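Engineer: Each chain is listed here by its residues.
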Amino acid sequence: MKKNRNVGIIGIGQTRHSSHREDVNQPEMIHEAITLALEDAKMTMDNVDCIVHGNMELFEMIHQPDMWHVISDGAYGKPGLRLTTGGTTGATLVCGADTLVASGLHDVVLAVGFEKLQEGHTTGGITNMADPLWGRELQTGALTGMTADAVIEEFGEKRAKHAAMKMRVIMDKHAMLNPLAHRRFGFTDDMIPTMIDNVPPLVGELRIVHMCSQSDGACAMIFASEEVAKKRCPNPAWVMDHITIHREETFNLFGNVEEMTTMRYAAKKLFERNGITNPRKQIDVFEMYDPSSWWGLDWIREFLLLEGDEHLKMVEDEEIAINGSFPINPSGGVVATNPIGATAMIRVAEAALQIRGMAGEHQVKKDVNLALASGFGGTLWTVLVLLSKNPPKLTEK
Amino acid sequence: MTMTEETNVKQNLIVLRQILEIPQHFSTGPIMGRFLKELRDNKRIMANRCPKCGRFHLPPREVCAICRARSGEFIEVGPEGVIQSYDLVYYASPDPLTGQARQAPYTTVNVLLDGVQGKDTLWHLLNETDPAKIRRGLRVRAVFNEERTGSIFDIKYFDIIDNK
Chain V
3 MKKNRNVGII
13 GIGQTRHSSH
23 REDVNQPEMI
33 HEAITLALED
43 AKMTMDNVDC
53 IVHGNMELFE
63 MIHQPDMWHV
73 ISDGAYGKPG
83 LRLTTGGTTG
93 ATLVCGADTL
103 VASGLHDVVL
113 AVGFEKLQEG
123 HTTGGITNMA
133 DPLWGRELQT
143 GALTGMTADA
153 VIEEFGEKRA
163 KHAAMKMRVI
173 MDKHAMLNPL
183 AHRRFGFTDD
193 MIPTMIDNVP
203 PLVGELRIVH
213 MCSQSDGACA
223 MIFASEEVAK
233 KRCPNPAWVM
243 DHITIHREET
253 FNLFGNVEEM
263 TTMRYAAKKL
273 FERNGITNPR
283 KQIDVFEMYD
293 PSSWWGLDWI
303 REFLLLEGDE
313 HLKMVEDEEI
323 AINGSFPINP
333 SGGVVATNPI
343 GATAMIRVAE
353 AALQIRGMAG
363 EHQVKKDVNL
373 ALASGFGGTL
383 WTVLVLLSKN
393 PPKLTEK
Chain E
768 MTMTEETNVK
778 QNLIVLRQIL
788 EIPQHFSTGP
798 IMGRFLKELR
808 DNKRIMANRC
818 PKCGRFHLPP
828 REVCAICRAR
838 SGEFIEVGPE
848 GVIQSYDLVY
858 YASPDPLTGQ
868 ARQAPYTTVN
878 VLLDGVQGKD
888 TLWHLLNETD
898 PAKIRRGLRV
908 RAVFNEERTG
918 SIFDIKYFDI
928 IDNK
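Protein chains in written order, with this note's numbering: chain V, 3 to 399; chain E, 768 to 931.
Quick caveat, the hints were computed from the structure, so don't treat them as lab data. Predicted, not measured: the structure shown is a model, and the values here were computed from it. C-beta atoms are modelled at their ideal positions from N, C-alpha and C, and glycine is treated no differently. Fair warning: there could be bad hints in the mix.
With a straight-line Cα cutoff of 27 Å, these simulated DSS-like cross-link-like pairs (lysine-lysine) come out [stated by the list, open to error]:
| hint | chain 1 | residue 1 | chain 2 | residue 2 |
| --- | --- | --- | --- | --- |
| 1 | V | Lys271 | E | Lys886 |
| 2 | V | Lys391 | V | Lys367 |
| 3 | E | Lys886 | V | Lys160 |
| 4 | V | Lys270 | E | Lys900 |
| 5 | V | Lys168 | V | Lys283 |
Here are the simulated distance ranges between beta carbons [unchecked claim]:
| hint | chain 1 | residue 1 | chain 2 | residue 2 | range |
| --- | --- | --- | --- | --- | --- |
| 6 | V | Ile210 | E | Gln778 | 43 to 51 Å |
| 7 | V | Ile210 | E | Arg902 | 20 to 28 Å |
| 8 | E | Thr916 | V | Lys315 | 50 to 58 Å |
| 9 | V | Met360 | E | Ala871 | 38 to 46 Å |
| 10 | E | Arg835 | V | Arg18 | 28 to 36 Å |
| 11 | V | Val201 | E | Gln791 | 17 to 25 Å |
Some chain V residues flagged as far from chain E (calculated, every beta-carbon gap over 10 Å) [what the hints assert, rightly or not]:
| hint | residue |
| --- | --- |
| 12 | Thr101 |
| 13 | Leu135 |
| 14 | Glu228 |
| 15 | Lys232 |
| 16 | Gln284 |
| 17 | Leu307 |
| 18 | Glu320 |
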């Protein structure tokens, strides 16, 4: 990607995520995240040039919530943007903030994503994304068992079901290390056989623990130009590149789609232009938007450009565990924590914390020089963000 | 009471509860409108075709987004076809317009209708919720409603026709 100048992530703040944040209203909740991000960056709102704000309006049914939230995000009298791209919103906020700083338009940009899913209805809200002339009567939010069916068909019922539940248990073990995570069950490996058959199904073989949570929470991040970042922060995470891929009419093509997925396409493009020929070796940690353990499992193969059953082996051999060779979601991922407008930003924030060595108990043991984060949303959009420990060389890509 | 004592008193926080009901009406336009009219008046399922790449659109669309070409002729397809994928839904999600919970379980299917060139499947309901009786590749047939209004439910559902 062509860039005028480098952009560093120098401030990160997250609320505690929970199914019920009835102790605070929306502005109060996002204020918590913003305060923490400013503290991390050792800044006040006086240092911030522009605010980028986002969530998915269909959930809380509040249009232009940024106008209400101006009392808590410091945006009054400052330039601001509101971005809302469904599930990818949080990652799009990152791309927007990065672009504003990289372009030279602003030196310091604060991005904030949030959702209070408890204040609306998540599945009802997502169902509204469907074509009102046809699909709205049929869609069940983001719930589908089709990926489970496909994985089962390819690898057999026993192996597929075990791998998906194993992935779920690994994610929960990670969430147990993250005090901000919403769902922390304390699952252990010996529970897997019982869970496979006894957890209530939502759609087909997609069971309630496989699916991401409905959370209340917010995430804020501060992006600064290289000059400001180096002056203010001893350990910024640098935005190396990002890519957004979407395509038309995915839902009509749902029947046996053979086209390249947006995940594989995005990864291929991003890796090519950043000299990544062996993602499993070159990337140190991956924060993946895993809306369910079936999708998460399937997408390991897509994002890492693998073939055959390599992705299943990575789960079965615990390579994706926090101490494994390719840690995925040391934070616990989206199946643990999902305030949707913040979710994809949390992926980038967690990847940045790993680079900065600030992830606390869920910090991976190895050195993190390169981290990948993904965002996912309707209709099967993919955003990928690549972060580095060292400022990237500014060359035309 | 001092300030500190005052702030230490537990406050009962008020939560406001509301239910939204929003009457909406959507224009269908000439292309989707013709599709719905054919369902209503003639019990026919009509796809339209991209003049460049030849693939069918179902439901019909104004343009082929891949070729950026205005879609051409309407062609009757179905009413029989093959299940390409399905979802057996146990979760009673709400109708997003009324807030009323849907009756669960129900099954949604993507049907590749006879005569379709390309991969566009028609998304609808399947009249079967026993997982043992549903699988990909089964032949199904559209069952039309007696009373038709020009909507998705002019087709009642799809019936499995070869599940022996």
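Engineer: Which hint numbers doesn't this structure obey?
Structural biologist: 3, 4, 6, 10, 11 and 13
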